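Protein chains in written order, with this note's numbering: chain A, 1 to 423; chain B, 1001 to 1486; chain C, 2001 to 2454.
Calculated directly from the structure, the hints in this document are not laboratory data.
Possibly wrong hints are sitting among the right ones.
Derived lysine-lysine pairs resembling DSS-like cross-links, with alpha carbons at most 25 Å apart [to be verified]:
no.	chain 1	residue 1	chain 2	residue 2
1	B	1101	C	2068
2	B	1048	C	2367
3	A	300	A	386
4	B	1054	B	1101
5	B	1048	A	194
6	B	1048	C	2074
7	A	210	B	1131
8	C	2068	B	1028
9	B	1227	A	194
10	C	2068	B	1131
Just so we're clear, the structure is a prediction, and the values are computed from it rather than from any experiment.
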Amino acid sequence: MDTQEHVELHDLYGNRGSEWHEPVSEEEICERLKRAHEEGRKVAIESGGTKRGYGGARGEYDWTLSLKKYKGIVEHNAGDMTITVKPGTTIAELQRFLQEYGQQVSLDPHWPEQATIGGVISANESGPKRLAYGSARDLVIGLRIVYPDGRIIRTGGKVVKNVAGYDMNKLFIGAMGTLGVISEITMKLRPAPKYESLALVSVPEGEEEKLRLLAVEIQDAMIEPVTLEILTPALAEKLTGTRAFTLLVGYEDVECSVKEQEGWMIHHKPENAVLEILHEEEARKFWERFAVTVPNTHTKEKDLCAVLKAGTKNMDVFTMMTTALDLGISHLVDIEAHGGLGHGISEYVVRGQQDNIIAVIEGLRAAAEQKGGYIVIKQLPFHLRKKVDVWGRNPGHFSLMEGIKKAVDPYGVCNLQRYIGGI
Amino acid sequence: MKRKKQNKVDPHIRSLTKIVGESEILYKPEDLISYDCDGFTVHKALPKAVVFPKNTEEVAALVQYCHMNHLPFLARGAGTGLSGGAIPLNEEIIISLVKMKQLLCVDYENRQAVVQPGYVNLKLTNSISDKGYYYAPDPSSQYVCTIGGNVAENAGGAHCLKYGVTTNHILGLEVVLPHGEVIEIGGEGAPDSPGYDLMGLLTGSEGTLGIVTKITVRILKSPQGKKTVLAYFDDVEEGSRAVSDIIAAGIVPAALEMMDKTAIEGVEAGTFPVGHPPDIEAFLLIEVDGIMAGLEEQIEQILEVCESWNVREVKVAKSEEERSRWWANRKTGFGAMGAISPDYLVQDGVIPRSRLPEVLKEIEKISRESGLRIANIFHAGDGNLHPLILFDSRVPGETEKALQAGTACLKACADVGGSITGEHGVGIEKKEEMRFIFTEEEIEAQLDIRDVFNPYDLLNQGKLFPKPSRCMDVKKIVKDTVAVQS
Amino acid sequence: MLKELMKKKDASLPCEENTLSNYFAKDHPDEAKWADCVHCGMCLEACPTYLETGQEQHSPRGRVHLIKSVAEGKLNVNEAFADPVFQCLDCRACTTACPADVDVGGLIEEARGQVRQAMPLRGWKGAAGSFFLKRLFPHPNRMQTVSGLLKLYQQSGLQKVMRRSGAMKVMPDHLAGMEAIMPEMKASVQKTYKNVDLIPAKGAVKARVAMLTGCIMDVMFGDINESTIHVLTYNGNEVTLPKQQTCCGALHVHAGDRDTGRKLAKQNIEAFEDAGKVIVNAAGCGCALKEYPELFKDDPEWRDRAEKFAAKVEDVSKYLCDTGYVKPESRIHKSITYHDACHLAHGQGVRHEPRQMLQDIPGVEYKEMKNADTCCGSAGIYNLTNPEMAGAVLDRKMADVPEDVEMISMGNPGCMLQMAMGVQKYGRRSEIVHTIQLLDWAYQKDEQAAGKKG
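Required output: the full structure, derived from the provided sequences and hints.
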C-alpha cells in the first residue's frame, strides 16, 4: 500500500497513520480499536480517502484504519424501504444495487464512485437534491458504532420512525469520525423517480439578479423542484459550454407532472435568458458530470486549490456567490462555485496563490458570519490548515462538544484533533 | 400574626416569586392538583410549584435558582404528552412555557419562522396559510400542543410519512442549559453548522438536556393538490397488505392511516363521526399530495391496489369539507375512546411495515388473554402502531392489567425488530421497556451524554431511562416510588 | 371562614355514605360526565379563560379534573375550587372541541350548584347576583319597570355603550330610508301584544309557533322581538306569546342556583305546554330551554315533561332555514361580519343558518370573522361578576373583528351588549345588530317598495 501516491498524499493532506489497517469485519474493527485504546494509539479513520484534506490539525497518526474493504449490503427489505450497509460501500455501488428494486438512497454527494457511505455520513456530505430529499440526518435511521474502546453501541433502529431514548444517530452524523467508527448504517429509501428532467436557465452577464428573482418565484409557485442549484459562470462553462450564471432546476415525479412543471418554466423564463431542458438519461448524465467537478484529494491539481463549504440562510447563497466572485477578482484567484438557493449550502473551489487563497477564505468567512452563516474548509493541504482555521471560531456552546468528545473518547483514540476546536 | 403567615411560605417559593412575579406562580396544593399529570394519567404526583416565565431571561433565572439550590425542575408545554414526560415525580418546580407563545418572525423567502416554545403547533400553519405555506409536523394534538413540546418529544404526525418528523424541520434552537446558561444552536437557520449536531440530540430528548426557549423552524409551501381516499376492508390483514403494496408501487403518500373495528366504533361514538359502516373490519385513510397533474395517476394506482386486496368500498373525498371531516374523525381518535371506555392506555410501537399482519395478530392475542379490548389506530405507512388498551380504572386490578397488556404490545413490536416508541416518547411510561431494544451498555452510553448536559440530573429526573441503570442512579430511584393510581 | 364552611359541610351528608366524595348529595356532579374525559387536552385552546391565564385549573380539562378530585376526596368544595369553577364563561367551546363529547358545561353548572350550597354568596357580588337573578329577571312586571333597569345599568357603566347598540340608535339612523317605518324606541312586545292572543301570519298560514320573549330581550331589545315576530309572520307563521312564560333561568343555573332554575323551568314548561314549536331569538335562552331535562335528573315526571318541551325549542334562524323563508329582494348595502354566540354555535350547533340568512340579503358584503366562535366575554352576567376576565376575553375578540365592517351581526342579546362595549372601547364604527333584524329590515324595504308600486 506504500505506493508513490500514498506518500505524496500523505505529505500534502496529512490525516494518515504510519501503520495501515484494513479490517474486513466488525470484530476486527473492535479488536483494533480496543488495542489502540489500550496501547494509547492515535487512529486516523478513512474509507474512500476522498476527504483526507478535510479538517485535522495533526500531520501524523499512529494508524490509519481504512474501511475501504469493509463493504457490502447487510440487509435490504424492499417492502420496508430500508437498507443496512457497511461503511466502505461506495455511493455508486449502493445506488446500482437499489436500482434493480426501483429504489434509491436519496443522497447525491460528489464522487459517487469513490466516496463511501461511511465517509459521506461522517462528513455530512450532500448534493443539490438535498432541497427535496434532505441530508444524511434526515435519512439515517440507525447506526452501529464501534466506540473508541471497542464497545459496540447501536443507535436508532431499523424502523423509519423512532423516538426511543436520545436520537444518538445525530451525534455521529458529521462528527468527522471523532466519536468512533461507524460499522453499519441503516437508512430509509425512496422509490426511484418515475421520470426526471433538468431545466438549465442561464442569463447574460450582469443580469444574474433575474435568476435570484426566478428562484423566489419558483419557490412561491405551485411547483416542486428537486434542485435550485445555481452555478457561477466558470463552473457552468465546464458543464454546459456556456460561460454564464446558470440555475439548475430539476424535476422528479410522474411524467405528466414533470412535463407540467417544465411548462411552467417555459412560461416563466426571464427575458434574455436561455432555457434548455434535459430529459431522463441526458439529465442523469449531466448530474454525473456535475458530481465530479469539485476536486477531491485524489484529483491531480496543477495549482494550489482550496474547497470551501458555506452554510447560510437559503437565499443568502446568491449573495455569497457574488461576494466570492468579487473577492476572486480582487485577489487574483479563480473561483468556481455552486449553491442551493433552497437549502443554504454552497461550495467554492478556489485556485491560486497561497496568500490570495487565504485572503479569499477570510473575506468570504467574514461575509458568511455577518449573515449568521459560516465557512468550513473542505479541502486544503495540511501545511495551510495550520495558517487558517478550518472550522471557524468555536460556538458559544463548544464546551458541550468538548464534553461529548471526552465522554465518548476520553483517550482521544479516534481522529483526534480532526474536528472543530481540536476535538 | 402577619409575620407568622409569611413564614409559612416556603423560602424557595418566595425567591421564585421574585423572579416571575406574584401572579405567575402557583404553589397552593389546590392549585397544583391540575398539574399532577399530563396526557398520561396513570401516574400522578404534585409539583412543588408551577411558574410561568414570560421570557428567556426569566427561564434562565429560574433554572439558575433551581441549579444553585438543588431543586429538581422540569419544563411543561400544553401537557398533552402521552408518556408522562411532564409529570413531576420528584416534587419538581414546573416551568410552564405557555406564556411564551409568540410567533416572533416569518421569513418567507428563506422558508423559516421563529417561534417561542409555547406557540401552538397549528397556529403556525394558520398564520402562514394565507400565503400558501404550512408547518409540516402535524401531531394529532396539533390544535393544542406547543412547538416547544414537539421539540422535546420529536413529535410526528399523520403526514410525517412523506415530510418527516419534528427533527427534520428544526433549523435553530435557543436553549437554557440545566445550570442556567443560555446557548444558541444553529445560528439564524444556516444548515449543518460546524460541530456535533446538538440540535438533533436535543430534539426528542424529552426535556432532560435543556429547556428550549426559541425555535427556528422550516416552513413549506403547501402542495398544489391533495387527494384523499377512504378504503373499507372486511379483513384487517388484507388492509395491511394493501398498505405494503401501495408503498411498493413507488408511491410516497403524504399520509397512510389505518383504524380497526374497535377504533371505528370509538370515533363513530365521538364528536366527529363520518358514518363509517359499522360492520367493517378496518379502513385506510390515504392521502397523496403534490402537483395536481400527477395525482390522478397515483390515485388510480392506489385504487387498483385496494381492489386487488378485495376492498369493500373505496371513495375519494369530493370536497375539502369532506376531507377535513375525515381527518377530524381520525385526529380526534384517541380522545374519542372516552366515548366507549372510561380509560385508555395508548401504546406507540413501531415495526417494519411488512410485519404488520403478524404483529396485529399478536396484539389480538394479547387482547384475548388480558380480557381487555384493544383498539388500533395507526400510521400504517410508517409502521407506527397505536394500540389503545381500553380499561376501567375503577375496576380493581384493571389498570395493572392494562399496563401489562401495553408492555406486551411493545414486546411484540420489539421482537420483530421494531421500536417501543415512534412519536410519544419514553417518559415514565416506557422506561423499563427501553431494555427491550437497548443493552445496558447502550443505555449507559446515552446516560454519558445526558451527564454532559445535565450532570446533577435536576432536570426532568427519572424519565426516559430504566431504573436503576447504574449505581449512581439508585439513590434517586428511591424517591421515585409513585404508586400506580387505581 | 373556610373552616367554618367546611364544618358546616361536614355536618350534612355526603352524596353516598361510603364514598370519599366531598359533594353534597343533592345535585352532585354526574360521574358519567367526567368518566369520558381522558385528559387529552384537546379543549385547551378552545377555552377563553385558559388562553387568558395559561393555567390548567382554568381550562376545561383542569376543571373536570378538579370536579373529579372533589369526588375522589382529594379536594374540598372551597374557594380554591370555586374560583376556577366560577371563572368559566360557560361558553361551551370545549364541548365542541372535545373528541369524546364530555359535557363540561353541564358539569360546571352542577359544580356551581355545589359551591353555592357550601358557600352562599356574600358581599357585593352576592347582592348584585341575587338582585339580578332573584328579584329582577324572574319578574316580568319588574323588568318592565324601565326606570329601575336604567338605574341599574347606569351604575354598571353600560349606559353609554348601550346607546351604540341596536336598542336605541343603530337601526333608525343608519339604514337609509328606514326612518319612516322605524319607531324611535320599541316597547316590549309583551306590552304591545298584551291583549292579542294570536298574531296573524301574512298571507297563507304555514304553521303556528310560540315565541319566548325573554326577560332582558323584551325590555332592552323589544325591537328585536318585534323584528322576530315580523319575520315569522312574513313567512307564514302565526305567532303566540304565552303570557305565563318567564325568564329561562339560564343565568340562575350558570350561577349555581339550580333551585330557582328549576322553578322557572317548570313555569315555562307549563306556559308552553300547548305550543308545537317554541321559537327563541336569544341563544343563551334557547340553549337553557333545551337543557331543562338536565335539571330534573332526579325527578322522572318532570324530566319527561322537560324532554318533550326541549324537543320543541328552536332558534329562530334554524327554524327559518328548516322551514324555508322568503329571500328578500331589497338591497342592504353593508359590509357585515358574524359573531357566533357561544350558546348558538357550541350550545346548539347552529352555525351555518345565520350566515346563510345574511348572505341571502342582496347587497350584503359578508366577511367571515377570524375565530368567529370564540366567546366575547359577555356570558350572561359574567361581565358584571368577572369584569377583568370578561375584558381580557373581549380584547381578544375585538382583535379578530375585521377592521372595516359596518355591522357585526349575532344572535344573542348578551353578546350584543358586550360587543357594543368592545366597539366603544376600540373606537370602531361598526354597529351591533341581531341577525334577524337585518332580514326584517330587508323585508320591510320589500313591503315599502311593494306599497309604492301598489
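### Query
Out of the numbered hints, which ones does the structure contradict?
1, 2, 5 and 10
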